[in-house]
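Given the structure of chain R, go ahead and fit chains H, U and V onto it with the hints provided.
Protein chains: 4
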Amino acid sequence: MESKAKVLIDCQDAKGLVYKISKVFYDKDLNIDNNREFVDKEAEKFFMRTVVTGKFEPKELADELTRVLPSNADLRVITPRRKKIVLLVTKESHALGDILIRHADGELEADIEAVIGNHNILEELVRRFDVPFFHIPTEGFSREEHEEHVMRMIDELCFDYIVLAKYMRILTPSFVQRYEKKIINIHHSFLPAFIGANPYKQAYERGVKIIGATAHFVTDDLDEGPIIAQDVIPVNHRLSWQEMQRAGRDGEKIVLSRALNLVLNDRVFVHGNKTIVF
Amino acid sequence: MESKAKVLIDCQDAKGLVYKISKVFYDKDLNIDNNREFVDKEAEKFFMRTVVTGKFEPKELADELTRVLPSNADLRVITPRRKKIVLLVTKESHALGDILIRHADGELEADIEAVIGNHNILEELVRRFDVPFFHIPTEGFSREEHEEHVMRMIDELCFDYIVLAKYMRILTPSFVQRYEKKIINIHHSFLPAFIGANPYKQAYERGVKIIGATAHFVTDDLDEGPIIAQDVIPVNHRLSWQEMQRAGRDGEKIVLSRALNLVLNDRVFVHGNKTIVF
Amino acid sequence: MESKAKVLIDCQDAKGLVYKISKVFYDKDLNIDNNREFVDKEAEKFFMRTVVTGKFEPKELADELTRVLPSNADLRVITPRRKKIVLLVTKESHALGDILIRHADGELEADIEAVIGNHNILEELVRRFDVPFFHIPTEGFSREEHEEHVMRMIDELCFDYIVLAKYMRILTPSFVQRYEKKIINIHHSFLPAFIGANPYKQAYERGVKIIGATAHFVTDDLDEGPIIAQDVIPVNHRLSWQEMQRAGRDGEKIVLSRALNLVLNDRVFVHGNKTIVF
Amino acid sequence: MESKAKVLIDCQDAKGLVYKISKVFYDKDLNIDNNREFVDKEAEKFFMRTVVTGKFEPKELADELTRVLPSNADLRVITPRRKKIVLLVTKESHALGDILIRHADGELEADIEAVIGNHNILEELVRRFDVPFFHIPTEGFSREEHEEHVMRMIDELCFDYIVLAKYMRILTPSFVQRYEKKIINIHHSFLPAFIGANPYKQAYERGVKIIGATAHFVTDDLDEGPIIAQDVIPVNHRLSWQEMQRAGRDGEKIVLSRALNLVLNDRVFVHGNKTIVF
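Protein chains in written order, with my numbering: chain R, 528 to 805; chain H, 528 to 805; chain U, 528 to 805; chain V, 528 to 805.
Treat the hints with caution; some may be incorrect.
In this list, chains with the same sequence are indistinguishable; a pair is considered to hold if it fits within one copy or across any two.
[To be verified] Here are the computed lysine-lysine pairs in the DSS-like style, where the Cα-Cα straight-line distance is at most 27 angstroms:
no., residue 1, residue 2
1, Lys-801, Lys-610
2, Lys-568, Lys-555
3, Lys-568, Lys-611
4, Lys-709, Lys-610
5, Lys-531, Lys-586
6, Lys-547, Lys-618
7, Lys-572, Lys-728
8, Lys-708, Lys-728
9, Lys-708, Lys-611
10, Lys-611, Lys-555
11, Lys-531, Lys-568
Simulated from the structure, these hints should not be mistaken for lab results.
Chain R extracted, bound-state conformation (with noise of 0.2 angstroms):
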């Protein structure tokens, strides 16, 4: 029967490392449907996906290519298989909607296990696709105690990531470490232009005239952890921060669905605080 799955090689760069890699697939008589590899010559880091079709055991595949990588390689054979995320919501609906949209139509690649909120407005536009919406409220708990609350109910829900989609929260650096490289955030600026709070107020009193979006995961240092999409839109005098603030929504939530999609296809690697996407 025939297979298929996603080669994920992340190790120390060495020569010969393609031949030997697709010596293996050549042996196994693996059909190489697509291929990219790029090495960090800086870091003599070498990172490859590829994505082969044939008859073999995924375990058989690891073991053999494990052989031939250097020692310490970070190797993934990712056979087909729907994945799950948990999304982390606030009041803004743009970014949610999107997904939900997408999620409907079955563009997303992965189901949404549930909709966690802060706040319950946007209870009603989650029920509406039939996806699970819990509230979690701040009023009357420690940010630490809520953010327990919170990983309480993620812990019990089976996902691959975490979306934060304009979840209005700074996370501890114990939820981060947590969920290291599966927390995915929109921030609603071209960074690191305007880190931080109300980055369109900020680009209003700076005078910008083109703001931007950028999904990134998540790290322990805020609005710095390693950029996987960007995109920027035009502005000018005329427009009130808020108006900014609407225009740039368009943005965030395209940005977002971009990146979502390219982690749920495998094909970002994390390289320390930047990303290679293939």
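Structure of chains H, U and V alone, referenced to chain R:
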């Protein structure tokens, strides 16, 4: 005889300004070729740029307009006159070259009085276009002494604007204040991201997916002056910072020339730390 | 009591128009919140959009303006009123979904009266938002008969604009003429490139490096109506036409929503086969 | 002694190609500096561009690769060599000027053998850069006779590519066929929109909101050759077609230089009427 003028008004907002101003034009039987206004409601400021043609005495027109404008209005009646610019350069030729070519084919709406370089590398290129080049070396001089030489040279020249076409020296406050609102710089990043030295290296290290260029008026605060124009260029993980730098040059020269063209056409109002661009 | 109105003027150009119009506003003690004009010199046409506030009777204001305008001027004094739209759809959900989400969160400045589909695939999505969906099937009917059914349905509804949100049927001249300047379409290419069927396949076969989307008013000539907004998305040789189509959807929905927003805000003048967008 | 070569392969797709090719590199102890492949599944074609370094004889490397490639493979082993270009121009200087500046500062990876103009307007500019300029006038000659003169001149020169830097003459099929895949043109529109004469006027009359520029290889069919690069510039109703033309020039020169750079770096494969750009 038919005259033509650009009327630029920057004043406190007040009721009936458009009526009163257009009444002056109407009473003098002038044609409005082009008209744009903007009211900054927050600051309660009114900006207007009108191109008028007809039979009129500019001084008289200014007087009549002054009569209907709020006190302290900044009014300029600009009759057609070829402007002059002085360029400051260091070693990179792309921004300078773009301006020289536009100058040579008549597209630049100004004459280049001179190019001043703190290195003499670009002298050959400038001489090819029969433009005076002055080399004011930095070796053996303090920053203040060197700038003193540059200012003395500039003050002997006739100019409307000083264009920093990749001039890689930081200007002192006394230089900046002496030529207030007259210095245009191209910064090789999407400001306010990557202020300061080597923004391409900073951009590379941050792993951004888009780089940019920003043309702005120079003020005391490094890279903080009013932005005139910006543009962006997509990049990816495959580019070294040197390759980003090379890719970014196209953006730099285009943005600088576009901003220069706007300024030379009297289309830019400076308003605090922002610009109104008509 | 304070009133507010958008004054839209489209007339033959003449000397003193700005003066005469602003005099009417001034004499009635109105505030100008926002004002934009444009003169098409070739066509000798004058366009103006002014937002005024103050104490006034719209009918009276219109009468006084009419007195100072050239004969045959097209004058509209539009007081705040929530507009209504009808959507026509086929099978694709992205453009419809984007409008439904904006509608649900209050960002769309109109109510959706109904969605009419020639298929019933999108009924479920529309019903999730408590918006009426009418399925008018094509099977067993000639193009004319089917359109007759659609027109009968539309005529029973109250609406300002008909939005073709990926409605994949060609409209007959009688339909188009009946709703002149009221039908907005999104064409999935950068018009005038790739007119007609399957523009993504055409784009793929031509090997373009950028694809686009165009929102326009519908006229008799297929895909030839006045363009309201356009946007582009970079592509490359690695994309199949189906992948171009998927990538292009983001552009389509954003451009359609942006155009719709402009039209609903009365910012678009139709001028021959072009638009003036303020 | 260390050598370096770009290996370009364009052949029928087959199983194990990557393995067989990388085995040749591995057996010869070569380093892969950079590698990109693409398989066009529809056409069953394989494209690969690899930069290798090491100790090797190019002829030998080519022979060994030929042995493992399908018959009829198009294989090129390109060792470092400065390329040469010939420019054809008419009256406009922006595209020519951009290339001359890049040439002068060492950014262009080619030498300019000569510039040939059907007018002599640009002679002065070209001579400023000590580049030979040949004026081949059209007056008194038929299209065929004029082209005969141009071809005779070109054939005496040594060149890799002919660049039409705003050469406003239509080439005959015999000219195009003589220099197949060697002629690069910049068309001043977003092809395939506005084929033919005065695309800016066409764009103006159509009322588009975005204009573009397209660099492509020249084939028999006017403006129908394989596209190498495209870019766009936003416009609006305020621009006359002459202003669109002026705004468009920036796009034209940047796109032409970018395309030229890709071609000079052997990054472009022609595949039917399309390009693969690595």
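How the hints compare with the structure:
1. Proximity of Lys-801 and Lys-610 under a CA criterion of 27 angstroms is satisfied intra-copy only: 23 angstroms inside one chain copy versus 36 angstroms between copies.
2. Proximity of Lys-568 and Lys-555 under a CA criterion of 27 angstroms is satisfied inter-copy only: 21 angstroms between copies versus 30 angstroms inside one chain copy.
3. Taking the closest pair of Cα atoms, Lys-568 and Lys-611 never come within 27 angstroms of each other, the shortest separation being 35 angstroms inside a single copy and 30 angstroms across copies.
4. For the identical chains of this complex, Lys-709 and Lys-610 are intra-copy neighbours only, at 12 angstroms inside a copy versus 43 angstroms across copies, given an alpha-carbon limit of 27 angstroms.
5. Taking CA atoms no more than 27 angstroms apart as the test, Lys-531 paired with Lys-586 passes inside one copy only; the shortest distance there is 13 angstroms, against 39 angstroms between copies.
6. When the C-alpha separation of Lys-547 and Lys-618 is checked against a cutoff of 27 angstroms, the pair qualifies neither within a copy, at 51 angstroms, nor between copies, at 46 angstroms.
7. Taking identical chains as interchangeable, the C-alpha atoms of Lys-572 and Lys-728 lie at most 27 angstroms apart only when they sit on different chains, with a minimum of 19 angstroms there against 40 angstroms within one chain.
8. Taking CA atoms no more than 27 angstroms apart as the test, Lys-708 paired with Lys-728 passes between copies only; the shortest distance there is 25 angstroms, against 29 angstroms inside one copy.
9. Within a single copy, Lys-708 and Lys-611 get their C-alpha atoms as close as 15 angstroms, which meets the 27 angstroms cut-off; across copies the closest is 45 angstroms, which misses it.
10. For a Cα distance limit of 27 angstroms, the shortest separation of Lys-611 from Lys-555 qualifies neither inside one copy, at 31 angstroms, nor across copies, at 46 angstroms.
11. Taking the shortest Cα distances, Lys-531 and Lys-568 sit within 27 angstroms of each other only across copies (17 angstroms), while inside one copy they are farther apart (31 angstroms).
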